[in-house]
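With these hints in hand, go ahead and build the complete structure from the sequences.
Just so we're aligned, residue 5 is where the sequence shown starts under our numbering, counting upward by one.
The reader is advised that the hints may include incorrect statements.
Each computed BS3-like pair below joins lysine-lysine, with the alpha-carbon atoms no more than 27 angstroms apart [claimed, not checked]:
1. K171 with K237
2. K247 with K332
3. K335 with K171
4. K306 with K205
5. K247 with K306
6. K306 with K237
7. K247 with K237
8. K335 with K205
9. K306 with K84
10. K332 with K205
11. K84 with K125
12. K205 with K237
13. K332 with K125
14. K166 with K332
15. K205 with K329
16. K125 with K329
17. K125 with K205
18. K98 with K125
19. K286 with K84
20. K329 with K98
Quick list of the computed label-pair ranges, beta carbon to beta carbon [as the list claims (entries may be wrong)]:
21. A45 with T173: 48 to 58 angstroms
22. P169 with K84: 36 to 46 angstroms
23. Q78 with T315: 19 to 29 angstroms
In case anyone wonders, no lab produced these hints; they're calculated from the structure.
All residues carry an ideal CB built from backbone N, CA and C; glycine is no exception.
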Amino acid sequence: MIRTPRRQLLKLATVLATSAAWPAAAQTTGQTTGQTTAFPARPIRLIVPHAAGGNSDAFGRILAQFLGERVGQQVVVENKPGAGGTVASGTIAKGTAPDGYTLLVADNGTHAIAPTLYGAKLSYDVFRDFTPITLAATFPAVIVLHPSVQATTAQEFVALAKSQPGKFTYSSAGTGNGSHLTMELFRTAAGGLDMLHVPYKGGAPAVQALLAGEVQLTAVSVNTALPHIQSGKVRALGVASSKRSPALPDVPTFAESGILFEGDSWLAIVGPPGTPADIVAKLNADIAATLRQPDVQERLAKIGLAVVASTPAELTAVLQRDVPKWGKAVKESGAVAE
Numbered sequence: 005m006i007r008t009p010r011r012q013l014l015k016l017a018t019v020l021a022t023s024a025a026w027p028a029a030a031q032t033t034g035q036t037t038g039q040t041t042a043f044p045a046r047p048i049r050l051i052v053p054h055a056a057g058g059n060s061d062a063f064g065r066i067l068a069q070f071l072g073e074r075v076g077q078q079v080v081v082e083n084k085p086g087a088g089g090t091v092a093s094g095t096i097a098k099g100t101a102p103d104g105y106t107l108l109v110a111d112n113g114t115h116a117i118a119p120t121l122y123g124a125k126l127s128y129d130v131f132r133d134f135t136p137i138t139l140a141a142t143f144p145a146v147i148v149l150h151p152s153v154q155a156t157t158a159q160e161f162v163a164l165a166k167s168q169p170g171k172f173t174y175s176s177a178g179t180g181n182g183s184h185l186t187m188e189l190f191r192t193a194a195g196g197l198d199m200l201h202v203p204y205k206g207g208a209p210a211v212q213a214l215l216a217g218e219v220q221l222t223a224v225s226v227n228t229a230l231p232h233i234q235s236g237k238v239r240a241l242g243v244a245s246s247k248r249s250p251a252l253p254d255v256p257t258f259a260e261s262g263i264l265f266e267g268d269s270w271l272a273i274v275g276p277p278g279t280p281a282d283i284v285a286k287l288n289a290d291i292a293a294t295l296r297q298p299d300v301q302e303r304l305a306k307i308g309l310a311v312v313a314s315t316p317a318e319l320t321a322v323l324q325r326d327v328p329k330w331g332k333a334v335k336e337s338g339a340v341a342e
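And the structure:
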């Protein structure tokens, strides 16, 4: 009979116990040996929940190009518009594997406005049903005026609107859209201006209505407004941000005019719930490094975006701030999802 020393038996038992316990521990923490170093091992899908041509799409394509070069895998942009971006957001929240290979370009519309605008109809919870990765960039709105209106500053327009209640109309990309709510913030901050809201089905027709003189003002992103401001087709009243836009250095913020409100929009990257912590850390590091590249910042600045590249915790803090802020604007406007 061959006898095995007790010390060897104890050592063998320890090895076997450790081997048996590792898969369970890995499953619990969402981490496996070599998972981070091997990621990504195949192309990443970047879902843009809006149609091609807008800020989300332009940002997504710039990020996809340079992030793909950094990680050595293709990053594929997929546009999936519908219901203000909430359809694609709901798919990420409820029907996507949490493996880091499918990400969403979220924005304040899908994640700060939608909870109040859609209420119980919304298929996801912005805090519970997503994994925050980074607040990528911000972009301010600028309120622009048709040149036929006899006002050159925000203060002059406010005085004119108060002297002629009900005369002025403003367009938006739709009821409850960021452009609508930014105008509502302005209207309220200016002392409750009496103006008529005319919603359109999208940002392009809302801007076209202003250019045609069908309405007198609207709120749009800086990059959308810039060529029309430069051509003299519209006049900028002010930037709805805490600081002036580098693209419009001569246009004051509304706060500088004594009208205290901010209507900054933002873009973020989020994943499905349960995305492993090590994958989140890898994505955050790679995306942040990509966004901080000078050539990337230059390209984003040309479309009015300022890079943030936050931590996941900082993105969560922004959500905690903005959900009630935009929720209040939704309630005060009386907007309901169409």
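Okay, the hints, checked on the actual structure:
no.: 1; hint: K171 with K237; result: holds, 21 angstroms
no.: 2; hint: K247 with K332; result: holds, 23 angstroms
no.: 3; hint: K335 with K171; result: holds, 24 angstroms
no.: 4; hint: K306 with K205; result: holds, 26 angstroms
no.: 5; hint: K247 with K306; result: holds, 17 angstroms
no.: 6; hint: K306 with K237; result: holds, 20 angstroms
no.: 7; hint: K247 with K237; result: holds, 24 angstroms
no.: 8; hint: K335 with K205; result: holds, 21 angstroms
no.: 9; hint: K306 with K84; result: holds, 25 angstroms
no.: 10; hint: K332 with K205; result: holds, 23 angstroms
no.: 11; hint: K84 with K125; result: holds, 19 angstroms
no.: 12; hint: K205 with K237; result: holds, 22 angstroms
no.: 13; hint: K332 with K125; result: holds, 18 angstroms
no.: 14; hint: K166 with K332; result: holds, 24 angstroms
no.: 15; hint: K205 with K329; result: holds, 24 angstroms
no.: 16; hint: K125 with K329; result: holds, 20 angstroms
no.: 17; hint: K125 with K205; result: holds, 21 angstroms
no.: 18; hint: K98 with K125; result: holds, 15 angstroms
no.: 19; hint: K286 with K84; result: holds, 26 angstroms
no.: 20; hint: K329 with K98; result: holds, 26 angstroms
no.: 21; hint: A45 with T173: 48 to 58 angstroms; result: holds, 54 angstroms
no.: 22; hint: P169 with K84: 36 to 46 angstroms; result: holds, 42 angstroms
no.: 23; hint: Q78 with T315: 19 to 29 angstroms; result: holds, 26 angstroms
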